[in-house]
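Chains as they are written, first to last, in the working numbering: chain A, 19 to 321; chain B, 19 to 321; chain C, 19 to 321; chain D, 19 to 321.
The hints are simulated quantities; they were obtained by calculation from the structure and are not laboratory data. Quick reminder that beta carbons are idealized off the backbone N, C-alpha and C, glycines included. Any given hint could turn out to be false.
[Said to hold, decoys possible] Straight-line C-alpha distance at most 30 Å; calculated DSSO-like pairs for lysine-lysine:
id: 1; chain 1: C; residue 1: Lys291; chain 2: A; residue 2: Lys308
id: 2; chain 1: C; residue 1: Lys262; chain 2: A; residue 2: Lys291
id: 3; chain 1: B; residue 1: Lys316; chain 2: B; residue 2: Lys293
id: 4; chain 1: D; residue 1: Lys50; chain 2: D; residue 2: Lys40
id: 5; chain 1: C; residue 1: Lys186; chain 2: B; residue 2: Lys205
id: 6; chain 1: C; residue 1: Lys50; chain 2: C; residue 2: Lys262
id: 7; chain 1: D; residue 1: Lys40; chain 2: C; residue 2: Lys27
id: 8; chain 1: A; residue 1: Lys148; chain 2: D; residue 2: Lys148
id: 9; chain 1: A; residue 1: Lys205; chain 2: A; residue 2: Lys33
id: 10; chain 1: A; residue 1: Lys291; chain 2: A; residue 2: Lys262
id: 11; chain 1: B; residue 1: Lys262; chain 2: B; residue 2: Lys50
id: 12; chain 1: D; residue 1: Lys308; chain 2: B; residue 2: Lys89
id: 13; chain 1: C; residue 1: Lys148; chain 2: B; residue 2: Lys180
id: 14; chain 1: C; residue 1: Lys50; chain 2: C; residue 2: Lys40
id: 15; chain 1: A; residue 1: Lys89; chain 2: B; residue 2: Lys26
id: 16; chain 1: D; residue 1: Lys180; chain 2: D; residue 2: Lys205
id: 17; chain 1: D; residue 1: Lys35; chain 2: C; residue 2: Lys50
[Unchecked claim] Sample of chain A residues facing chain C (criterion: CB under 8 Å; computed from the structure):
id: 18; residue: Ser95
id: 19; residue: Leu100
id: 20; residue: Asn278
id: 21; residue: Ser279
id: 22; residue: Leu280
id: 23; residue: Ser283
id: 24; residue: Arg284
id: 25; residue: Leu290
id: 26; residue: Val298
id: 27; residue: Val299
id: 28; residue: Glu310
id: 29; residue: Lys316
id: 30; residue: Phe318
id: 31; residue: Glu319
[Said to hold, decoys possible] So these bits of chain C aren't anywhere near chain A, every CB distance computed over 10 Å:
id: 32; residue: Val44
id: 33; residue: Leu182
id: 34; residue: Ala286
id: 35; residue: Leu290
Number of protein chains: 4
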Amino acid sequence: MTISEQQKKDIEEEKRKSFSTKRTSVDSIEEKLFTINPVLDHGFIRVIDYMGDDSAIVQAARVSYGSGTKKSQDDNSLIRYLMRHWHSTPFEMCEIKFHIKLPVFVARQWIRHRTANVNEYSARYSILEKEFYIPEEENLASQSSTNNQGRGETLSSSESQKVLEILKLDSDRSYRNYESLLSSDGKPGLARELARMNLPTNIYTQWYWKTDLHNLFNFLRLRADSHAQYEIRVYAEVICDLVKAWVPSAYGAFVDYRLNSLNLSRQAVECLKRKLSGDVVNYEDSGMSKREWEEFTKCFEMR
Amino acid sequence: MTISEQQKKDIEEEKRKSFSTKRTSVDSIEEKLFTINPVLDHGFIRVIDYMGDDSAIVQAARVSYGSGTKKSQDDNSLIRYLMRHWHSTPFEMCEIKFHIKLPVFVARQWIRHRTANVNEYSARYSILEKEFYIPEEENLASQSSTNNQGRGETLSSSESQKVLEILKLDSDRSYRNYESLLSSDGKPGLARELARMNLPTNIYTQWYWKTDLHNLFNFLRLRADSHAQYEIRVYAEVICDLVKAWVPSAYGAFVDYRLNSLNLSRQAVECLKRKLSGDVVNYEDSGMSKREWEEFTKCFEMR
Amino acid sequence: MTISEQQKKDIEEEKRKSFSTKRTSVDSIEEKLFTINPVLDHGFIRVIDYMGDDSAIVQAARVSYGSGTKKSQDDNSLIRYLMRHWHSTPFEMCEIKFHIKLPVFVARQWIRHRTANVNEYSARYSILEKEFYIPEEENLASQSSTNNQGRGETLSSSESQKVLEILKLDSDRSYRNYESLLSSDGKPGLARELARMNLPTNIYTQWYWKTDLHNLFNFLRLRADSHAQYEIRVYAEVICDLVKAWVPSAYGAFVDYRLNSLNLSRQAVECLKRKLSGDVVNYEDSGMSKREWEEFTKCFEMR
Amino acid sequence: MTISEQQKKDIEEEKRKSFSTKRTSVDSIEEKLFTINPVLDHGFIRVIDYMGDDSAIVQAARVSYGSGTKKSQDDNSLIRYLMRHWHSTPFEMCEIKFHIKLPVFVARQWIRHRTANVNEYSARYSILEKEFYIPEEENLASQSSTNNQGRGETLSSSESQKVLEILKLDSDRSYRNYESLLSSDGKPGLARELARMNLPTNIYTQWYWKTDLHNLFNFLRLRADSHAQYEIRVYAEVICDLVKAWVPSAYGAFVDYRLNSLNLSRQAVECLKRKLSGDVVNYEDSGMSKREWEEFTKCFEMR
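The shape of chain A in the complex, shown without the other chains (with noise of 0.2 Å):
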């Protein structure tokens, strides 16, 4: 990962800095502001500002005039009820922005959850870094046969050192082509905006990235998911983490009644229902696709 001098300078700068404020604090969040955490090759993540915390949801569903209950054990079952119950509002309140560092094929993917704000880095105006994915071997996989859009077994080592070739020198041809595009014998060349489109989308972006915690729990139940590309996961990974440091109540309520819930089709629920009630329930009489009732079997052990 490349980090300039200045820049690692600047960011030692922004966590030397300490101001009084009146406004809601979280120890264990402010403690890791504006910290690297390395993600994939060259990616990071660095919360770079919050605001509020658990007892915020509260306050904001009691429309209180102080913070939360005194008693943090209320505040927690409220949350609780709340996560239970669907209100998403309440958890509109908290707001956590990051500086967040990944490849274009990857940021893809994330700008698609739309209710987000976002400043990128503009290849328009500026020059991007020669810096690509660069997968690890373990983490290279052949096309799944059972799931379209997944990964199937690891490769052979020798079908791996392959594949690695071939993106390395795709990376560094591209990008030393986008140079020459840019300019060549010192002369000024093609302009930014098109000479951009010379490269793979394995280089890196970089954005700030603001969203508030409903929004942001949308985005870690798909992308922290295990069905989630990898790419992505890893990043939804090290926010999990992050969350958990600022909300941790949010946090937990979250993993219980969406990260690890399940969600019963009316046919699942009529079916395990006669299971528990000592019948035999059959594929047949299922109400369920195949598909689904293998699922479904698989998840309750059945067979």
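Based on these hints, arrange chains B, C and D on the given structure of chain A.
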């Protein structure tokens, strides 16, 4: 304005708090945190929390590792440039949260700004207090004869007296009947979610309202405008003062490029060019509708 | 319900129209276009326009050049798969527009769904008609003693009479006074934007409301639920019928995977697994709160 | 542009369809439905569906029971009034859906408009076709020396040749390597979600994109502007033509009050007033920055 002793104590407690933070902080808004800014007869606006300052706009626009530039003059120029050229995302990097008490009919206009986060006091869950907006005599005006959605002349004193009497009597009676619906002879009565429907829309409600600076400026451009209804404009004006204390550069740019700017149509631009070159410009060859032409000539005092 | 002769004529004229279009069309919803579906005592829902059908969901999910597949069975399976796995964007490709008349206190709940487009009748600009929601006796209930935001027992007949008398008298009087405020002795009076504040929230308003299918399902999941307030639920139920006629596959998936689905927490899944494997499961070792445990055992009739 | 025989057949089939509908319909856009409007070398825009027309804007603004007024002149005046006074919700009542093929670097700019609905072709799920944007020689320009995010002079012929050679060679090679990554010797290779990262951003992607008219105008104001990057501007210009055919009144108002309008700052308004009253106005007493002053005087040809 009814603030209970407990509420006063809660507010005082919030104001006495002091945390150490590394986050961007602004002294001139810290001072105003939690304080009640009265609006209308029973309403108020309180700043509960904020994220970012002028430098956070610059930091995001530049996707920088530190905060804004060292030279605040550069920051100010950049902020004005961004506003002038309709960049919106950097302004979204600042966030503010208010606790607001306001009449229901004002809340109904306000909520049409959809990009904010809101938690409103629930009259399904709780009992509303007896607080109704009764206008000052000087703010009672007749229907405008030229503008279908505006006010004309101030009412005469006798007319005002009659109006105020009606409003007061109906507010009192409806609230007394609301109480009767909720319980009679000490026995619980009609469900709160039903009883509330008897209350007129000059009753006060309250909410937590959180928004980013870009969307707040959109709100202020419409609601701090002279054509906005007086009862929402006074809230917008209080918010203007608070925003000015919080992000003075961005607020200055907003005032010059939005609030007090003028949007000239293609036709108006042509007329002005001709006028400046010495031509005589008439309604007939202006390409404008009668109403536009009147607005235009009035603005430039052409007659 | 007051529909003027002119309005009836306008509606009839709309219904007689017939254009030739290449756009995706659905006979079963065409039949219902513009028709008044009565709700409550004076309210209604009318479908004004729609875009897309079940095949448009499939078409977008596949980014195809034609419409959905030829085999509608495949389309149905794909739609159910998309719903089951929380894909949202394909459902956003269908859009529907309603004209709705509803009491103000219902409109206030409704508008909290922020992702729709809305144009409401303006009481700043126009005079509201004398139409107030007066509940049926059977829908008058006391405050629930267990659920702070719900209803308990139906009121006794004498209690109901008293309630209805209050609501009717106050509605009448407030409207009469609204008229006096607007003008007296034939002279124009208070501006409409002020006079309206005297009206209680059981008065009817109306709006055009347009939304995409994904966000409409979010609305229906909350508002067609048994915990929703009766007065908004009846609107949601009418919409359910209309959506079923318009996009039967998507609606079927919604009913099975959202409306009648069950979201099991991590703890509940564990308890079910243990139970299915023959263990005895108690509240004490369930990891659930008392309230959750009760909801859980009630659902699976475990006692 | 590669359109397979099957795709051509599918498109022809769509165009032959004819349904009878009661919905608002517009002949001049019906004609253009499903047709491929070519953009750049391999891109296109197709209108897939639409909802509403000019009269639907009026209908919603008036919350009327029928469609817009009978006299279309009145409708046009109202639409221009709404646009001039920044009313946004009536324009949201019209909706349009496009199928668009565009280079990835253009898609990355485009997606920043967050208020639209999007389904993009998935390169996790499917294999991208070998179609890369290679600019016309006349559109190759050097970096602007005055505008950090713009183009300056057109390249010389020899420079252009060099640029085009690099772009073509790198596109070819990266695609060949993409194919090698996906499979070798007939054996399945790297997962598609990984292999795609080797492709440069001048490769074409495609999506279904649906938005309402208000937000579409926001998009067009920025992207049909002369400062927009050429490669997105040409898409915006095609959309302008389509919108003009669909809602001519609203489009006319957009052109006059947004696209070709001028937003004058408070300071610029003051300068103009002084100038019109015969004063000499200089940069020094204009209250503008150097850059603003230059933009201002250039616009009104004051020198």
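To see whether the hints hold, each was checked on the structure:
1. C:Lys291 with A:Lys308: Since the Cα atoms of Lys291 (chain C) and Lys308 (chain A) sit roughly 21 Å apart, the hinted pair holds (cutoff 30 Å).
2. C:Lys262 with A:Lys291: 27 Å, holds
3. B:Lys316 with B:Lys293: Distance ~15 Å between Lys316 (chain B) and Lys293 (chain B) Cα, so the pair holds.
4. D:Lys50 with D:Lys40: 20 Å, holds
5. C:Lys186 with B:Lys205: Holds: Lys186 (chain C) and Lys205 (chain B) sit about 22 Å apart, inside 30 Å.
6. C:Lys50 with C:Lys262: 12 Å, holds
7. D:Lys40 with C:Lys27: 16 Å, holds
8. A:Lys148 with D:Lys148: Holds, because 25 Å separates the two Cα atoms, which is no more than 30 Å.
9. A:Lys205 with A:Lys33: Violated - the C-alpha atoms of Lys33 (chain A) and Lys205 (chain A) are around 41 Å apart, more than 30 Å.
10. A:Lys291 with A:Lys262: It is violated: about 35 Å lies between the C-alpha atoms, which goes past 30 Å.
11. B:Lys262 with B:Lys50: 12 Å, holds
12. D:Lys308 with B:Lys89: 18 Å, holds
13. C:Lys148 with B:Lys180: With Cα atoms ~22 Å apart, Lys148 (chain C) and Lys180 (chain B) stay inside 30 Å; holds.
14. C:Lys50 with C:Lys40: Status holds; Cα separation ~20 Å.
15. A:Lys89 with B:Lys26: Given pair Lys89 (chain A), Lys26 (chain B) holds - Cα atoms ~20 Å apart, limit 30 Å.
16. D:Lys180 with D:Lys205: Between Lys180 (chain D) and Lys205 (chain D) the Cα gap is close to 37 Å, so the pair fails against 30 Å, i.e. violated.
17. D:Lys35 with C:Lys50: Holds: Lys35 (chain D) and Lys50 (chain C) sit about 22 Å apart, inside 30 Å.
18. Ser95: Hint on Ser95 (chain A): holds, closest Cβ of chain C at ~7 Å, below 8 Å.
19. Leu100: Leu100 (chain A) check fails; min Cβ-Cβ to chain C is 13 Å, beyond 8 Å.
20. Asn278: Given a least distance of 4 Å, the restraint on Asn278 (chain A) holds.
21. Ser279: Holds, about 5 Å.
22. Leu280: Because about 5 Å separates Leu280 (chain A) from the closest Cβ in chain C, which is inside the 8 Å limit, the hint holds.
23. Ser283: 5 Å, holds
24. Arg284: 4 Å, holds
25. Leu290: 7 Å, holds
26. Val298: 13 Å, violated
27. Val299: 11 Å, violated
28. Glu310: 7 Å, holds
29. Lys316: Interface hint status for Lys316 (chain A): violated (12 Å vs cutoff 8 Å).
30. Phe318: With a minimum Cβ separation of about 6 Å from chain C (threshold 8 Å), the hint on Phe318 (chain A) holds.
31. Glu319: 7 Å, holds
32. Val44: Non-interface label on Val44 (chain C) holds, nearest chain A Cβ at 25 Å vs cutoff 10 Å.
33. Leu182: 31 Å, holds
34. Ala286: 8 Å, violated
35. Leu290: Given that some Cβ of chain A is not farther than 10 Å from that of Leu290 (chain C), nearest at about 7 Å, it is violated.
The structure fails to meet hints 9, 10, 16, 19, 26, 27, 29, 34 and 35 from the earlier list, while all remaining hints are met.
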